[in-house]
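Peer 1: Sequence:
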Amino acid sequence: MPGRAASTPAAASAASKDEGQSRSIAAVERAMDVLLYFGRAEQPDLGVTEIATALGLTKAAVHRILTALRSRDLITVDPATRRYALGHAAVALGRAYLARTDVRAMAAPELKHLSERTHETATLSLRRGDTRLYVDQVVPDQELRLEVSLGIPFPLNAGASSKAFLAFLPDFELEAYLTRHPLAAVTDRTITDPAKLRKDLAGVRKKGFSTSLGERQAGAASIAAPIFDHDGRVVAVISVAGPALRFKPDADADVVADLLRCAGRISAQLGYSG
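Quick note, in the numbering used here, the sequence shown goes up one by one and the last residue is 276.
Rather than coming from a laboratory, the hints here were simulated on the basis of the structure.
Do not take every clue at face value.
Claimed, not checked - Derived DSS-like pairs: lysine-lysine, alpha-carbon spacing no greater than 30 Å straight-line:
hint, residue 1, residue 2
1, K208, K198
2, K250, K208
3, K114, K250
4, K114, K209
5, K208, K114
6, K209, K198
7, K198, K250
8, K250, K209
9, K114, K61
Whole structure, please, built from the sequences with the hints as guidance.
Peer 2: Listed below in structure tokens is the structure:
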């Protein structure tokens, strides 16, 4: 009676191929783990031992992975310290992702939440050069309500949303703006004195939000908070606004906290971790 057939050369070749593919996948996964660890690490550069310890790999394995990543400019090394950092190809990938992110889409549920929570108008603003403009809003179902005009530029010294941009600019950018522009009055409550504006903005930075009572639109009150990107730059502002007779911007601590949480959630989606 014939015995069990021996493994054929074709079967052995297929098994060897599968094993090779499994090893290749495992190697790619380890390389991805190393690359992603650079994104999670608090310091900008890392040593081989630090990476190996954190990921449970041998130093030899980490060195091989880093060499491969360096060949594609995903990782760079300082020849003096022998410490590694993200390379320009990795940075380009991150910026490509961010270029495709839609802040309006991210902010939409937060605007809806804020409007429902406060029964007032929630807005999203973006900066365009030395101006800012509303790009989206959610308006409450109230007879007396505030609506904003989308796409109209406003100076950065007029209103809560404008001041939220200005307050969180680097000092040199703020001073450059004040040098380039005389502070125009949009209403009789707009801050037009540079010293007074600097003092107001210092308070905004300390609190984390800005308020306005008729500074951009007479009879309107608003509260605004900045949205930051992965580099800590202000890329948008979210706000709540309503008639000043009814809406008191910072009188309700819950509204302030809710606004800051909404801004924080959008910022986190953009990679901000501050």
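Peer 1: For the pair we were handed, K209 and K198, check the Cα-Cα distance against 30 Å.
Peer 2: 17 Å, holds
Peer 1: CA of K250 to CA of K208, is that 30 Å or under?
Peer 2: Holds, at roughly 20 Å.
Peer 1: Given the hinted pair K208 and K114, is their alpha-carbon gap at most 30 Å?
Peer 2: 27 Å, holds
Peer 1: Is the Cα-Cα distance between K250 and K209 30 Å or less?
Peer 2: 17 Å, holds
Peer 1: Could you grab the alpha-carbon distance between K114 and K209 and see if it respects the 30 Å cut-off?
Peer 2: Distance ~24 Å between K114 and K209 Cα, so the pair holds.
Peer 1: Is it true that the CA of K114 sits at most 30 Å from the CA of K61?
Peer 2: Violated: K114 and K61 sit about 50 Å apart, past 30 Å.
Peer 1: Does K114 pair with K250 here, judged by a C-alpha cut-off of 30 Å?
Peer 2: Since the Cα atoms of K114 and K250 sit roughly 19 Å apart, the hinted pair holds (cutoff 30 Å).
Peer 1: Given the proposed pairing of K198 with K250, does the C-alpha separation stay at or below 30 Å?
Peer 2: 22 Å, holds
Peer 1: Given the hint that K208 pairs with K198, test it: the Cα-Cα distance must not exceed 30 Å.
Peer 2: Measuring from Cα to Cα gives roughly 16 Å; hence the hint holds.
When each numbered hint is compared with the structure, a violation occurs for hint 9 only.
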